[in-house]
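Protein chains in written order, with our numbering: chain A, 7 to 313; chain B, 401 to 843.
Hints should not be assumed to be uniformly reliable.
[What the hints assert, rightly or not] A partial selection of chain B residues facing chain A, derived with a Cβ cut-off under 7 Å:
#, residue
1, K404
2, A407
3, R411
4, T591
5, T634
6, R635
7, I636
8, E638
9, S642
10, I644
[Stated by the list, open to error] Okay, derived cross-link-like pairs now, DSS-like style, lysine-lysine, Cα gap no bigger than 30 Å in a straight line:
#, chain 1, residue 1, chain 2, residue 2
11, A, K140, B, K645
12, A, K124, A, K95
13, B, K420, A, K111
14, A, K111, B, K500
15, A, K140, B, K410
16, B, K410, A, K111
If you're looking for bench data, these hints aren't it; they were derived computationally from the structure. Glycine residues also receive a C-beta, built at the ideal position from the N, C-alpha and C atoms.
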Amino acid sequence: MNLLQLENVHKRFGDFTAVSDISFGIEKGSIYGLLGPNGAGKTTTLRMIMDIIAPDAGSITFSGNRQVRDFLDQIGYLPEERGLYRKMKVRDVILFIAELKGLYKQQTLGEIERWLEKMQLSEWGNKRIDELSKGMAQKIQFITTVIHKPELIILDEPFSGLDPINMTLLKDLMLELREDGSTIIFSTHVMEQVEKLCDRICLIHQGKVLLEGELRAVKRGFGKNSVEIEYLGSLESIRDSAYIQGFNDFGQYAEVKLRNPEDYRQLLQELIQKDIDVTRFELVEPTLHEIFVRSVEEQGGTVQDAE
Amino acid sequence: MPNKIVAVIKREYMTRVKSKGFIASLFLMPVLMCGLVALSSFLAIVGDKTEAMRKLVVIDETSEIFEQMQEAIAKHPTFQHNGELVYQVHRETATTQKEKTALQERVRTKKLYAYLEIPKDVFTNEDVRFYARTVTNSNVQNALRRIISDIVRDKRFAESDYSRSEVSQLMRAVGFNAYAVKSGKGKDGDTKVESSIETGARLGLGYILIFVLYMFVIIYANSIMRSVLEEKTTRIVEVIVSSIKPHQLLFGKLVGVCSVCLTMFAIWVIFGVLLVMNIEPLLSIFGIDSLPIQFIQVIETVKASSAAVLTYFFIYFIIGFFMYSTLYAVVGAICGSEEEAQQTGVPLTMLVVIPFVLMFQLFRIPDSTLSVLLSHVPFFSPILMFMRINVLMPPLWEILLNILVICATVLLVTLISGKIYRIGILMYGKRPTFGQLWQWMRY
Numbered sequence: 007m008n009l010l011q012l013e014n015v016h017k018r019f020g021d022f023t024a025v026s027d028i029s030f031g032i033e034k035g036s037i038y039g040l041l042g043p044n045g046a047g048k049t050t051t052l053r054m055i056m057d058i059i060a061p062d063a064g065s066i067t068f069s070g071n072r073q074v075r076d077f078l079d080q081i082g083y084l085p086e087e088r089g090l091y092r093k094m095k096v097r098d099v100i101l102f103i104a105e106l107k108g109l110y111k112q113q114t115l116g117e118i119e120r121w122l123e124k125m126q127l128s129e130w131g132n133k134r135i136d137e138l139s140k141g142m143a144q145k146i147q148f149i150t151t152v153i154h155k156p157e158l159i160i161l162d163e164p165f166s167g168l169d170p171i172n173m174t175l176l177k178d179l180m181l182e183l184r185e186d187g188s189t190i191i192f193s194t195h196v197m198e199q200v201e202k203l204c205d206r207i208c209l210i211h212q213g214k215v216l217l218e219g220e221l222r223a224v225k226r227g228f229g230k231n232s233v234e235i236e237y238l239g240s241l242e243s244i245r246d247s248a249y250i251q252g253f254n255d256f257g258q259y260a261e262v263k264l265r266n267p268e269d270y271r272q273l274l275q276e277l278i279q280k281d282i283d284v285t286r287f288e289l290v291e292p293t294l295h296e297i298f299v300r301s302v303e304e305q306g307g308t309v310q311d312a313e
Numbered sequence: 401m402p403n404k405i406v407a408v409i410k411r412e413y414m415t416r417v418k419s420k421g422f423i424a425s426l427f428l429m430p431v432l433m434c435g436l437v438a439l440s441s442f443l444a445i446v447g448d449k450t451e452a453m454r455k456l457v458v459i460d461e462t463s464e465i466f467e468q469m470q471e472a473i474a475k476h477p478t479f480q481h482n483g484e485l486v487y488q489v490h491r492e493t494a495t496t497q498k499e500k501t502a503l504q505e506r507v508r509t510k511k512l513y514a515y516l517e518i519p520k521d522v523f524t525n526e527d528v529r530f531y532a533r534t535v536t537n538s539n540v541q542n543a544l545r546r547i548i549s550d551i552v553r554d555k556r557f558a559e560s561d562y563s564r565s566e567v568s569q570l571m572r573a574v575g576f577n578a579y580a581v582k583s584g585k586g587k588d589g590d591t592k593v594e595s596s597i598e599t600g601a602r603l604g605l606g607y608i609l610i611f612v613l614y615m616f617v618i619i620y621a622n623s624i625m626r627s628v629l630e631e632k633t634t635r636i637v638e639v640i641v642s643s644i645k646p647h648q649l650l651f652g653k654l655v656g657v658c659s660v661c662l663t664m665f666a667i668w669v670i671f672g673v674l675l676v677m678n679i680e681p682l683l684s685i686f687g688i689d690s691l692p693i694q695f696i697q698v699i700e701t702v703k704a705s706s707a708a709v710l711t712y713f714f715i716y717f718i719i720g721f722f723m724y725s726t727l728y729a730v731v732g733a734i735c736g737s738e739e740e741a742q743q744t745g746v747p748l749t750m751l752v753v754i755p756f757v758l759m760f761q762l763f764r765i766p767d768s769t770l771s772v773l774l775s776h777v778p779f780f781s782p783i784l785m786f787m788r789i790n791v792l793m794p795p796l797w798e799i800l801l802n803i804l805v806i807c808a809t810v811l812l813v814t815l816i817s818g819k820i821y822r823i824g825i826l827m828y829g830k831r832p833t834f835g836q837l838w839q840w841m842r843y
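All chains, please: the whole structure from these sequences, using the hints.
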């Protein structure tokens, strides 16, 4: 049984349909990525899981129970909009939120120190939140999300606003938490961030699920329609061939996008015919972003969000 | 009570009690109160004493008053500063309008403090006229009026067959003391009487308490509003309501902040009791051994009445606090910024200000239909009913009924507000309309 299961969830705000018929399940001990451009319905979905807003239709179950509210203490939630009590000291804020999750002071104090050390923020423990940098405050907020060792961790855009170092730190933490048995669902609109991190993904667009499944399976399903070529000479003679959809030439290296994955044979033949020296010819998997754009187009839509 | 609500209460309580504002008001409020009383009585005594010389011109058309008047002024304390005369009195004549205009010009340009016209017929019927840049200083005017009246009366008596001392002996007013008849165990029955000093002491205590109630409800209800707003604008509320139900959060907040007020009151009451109980040894430190009888009466009255009055104070403060603060919390929940909340909160502030203002008139007629009716309007009760209890104790059943009605109102307000609050704290953007609020209430 999945730890979390959404079935045909709908949510409307007035005339605007925010989420339409979304279903997916999250296996225990996995990392699940909820992907989509801004306004796709990611935050609304996560808020419905947290029972902050109620779905108009459909069901959300946690370990098979429909009353997710009864299990909120086993869930950690990092909202998209970050914020903590600005005038409170770091340790007090963490303790307060831990107590809201039903922990007692004695059992929490050691845990707070462990996390502060891990985040290299020990010497900031007695500072007020408004004395911290934005990045530090985000790390503190992450601690408040996981301090009670939740079974399910919900992170809404966890990477936004982080520098590359902290981004790596957060990725490592997420993997570590998964090793320890936690289940994680997070949302992001920057799809490159999730490659290699997610076990499963769900692509949503305008409130609808475009694609859902295991990350590797999703990629395999789309086939390898990109080719990277390292060459000597010029590729001018082949660039207008009918089977080529996109062409990005860097002089001795080029990325070629094909209309169909099978067309790579034609390309290879033509390169030989035209007597171009090829030192490398590799078929590459599509990026998630490409998959997203293609899925939107396949369904007759366009991607307004330029990212 | 669940640990979670305790956590909210603790946070609201500790952040406030530890703040500099709390420590400051703990000490400053009593100092400020005493200071205000002391300052106003000081001002009343001092009036507008001046150190600089003030010139006063007298136009004495009778030619019979000036000398005596000058002498009297020289002796009168109103015209002195540290035992020195600070008023120069001159006599001038001004008969034409032009001369009078010139005098007025000197007053306007501050060459003169004032000038005084004593008309010829002052002995019979005409009035004395006093001209100064401002005529709000009644001390100087009253002193001058008394001095001139005395001189004029002497003159009238001299021309009559009566002796002044005999007439004033015959004309003196009777003493008049007011006593409030109250129920209670007196010497010979179920009534006891209260002198005006005792009434004054009791009312004084009552006024201070009403003032404290009024001020604390406004200050701390606003504090709750800001705290709701902070949670909303920093979005931390999303984390909180994903751990605890919104009405639990609201309840925790109200209890936490109410406890802050009660802590402060408790400290004041303890200090006040210690002070009143040990007033005599304390004063003897300052070399004051015998106290005036009025003062002892005041102290005794405060001792006797404070237990009951304080009990009612705490009851009405707590229910009043919950009633108003819940509404302020809702304002915080439906607004997006502090400015917006301050504006939206104005009608609520009126709910507290109106009974406070009405009180100053209604305390004269505590048992009139108007007073009784208004004191039963739930939002006015904490101030007006508490005023009635202080001035003229209503029957116990009426108080109990009133408390019951307010408690029911608090419950109703909390239920409705809780619903709006629950939705409001998670809504961003435009402030909801009344129509939307109505919808939220019915969710």
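Hint by hint, here is what the structure shows:
1. K404: holds, 5 Å
2. A407: The hint holds - A407(B) has a Cβ within 7 Å of chain A, the shortest such distance being about 4 Å.
3. R411: Given a least distance of 5 Å, the restraint on R411(B) holds.
4. T591: At about 57 Å, which exceeds the 7 Å cut-off, the nearest Cβ of chain A leaves the hint on T591(B) violated.
5. T634: Status holds, d = 3 Å.
6. R635: holds, 4 Å
7. I636: holds, 5 Å
8. E638: holds, 4 Å
9. S642: This hint holds: S642(B) lies near chain A, its Cβ roughly 5 Å from the closest one there, short of 7 Å.
10. I644: holds, 6 Å
11. K140(A) x K645(B): holds, 29 Å
12. K124(A) x K95(A): Holds: K124(A) and K95(A) sit about 18 Å apart, inside 30 Å.
13. K420(B) x K111(A): It holds: about 26 Å lies between the C-alpha atoms, which stays within 30 Å.
14. K111(A) x K500(B): violated, 85 Å
15. K140(A) x K410(B): holds, 27 Å
16. K410(B) x K111(A): holds, 12 Å
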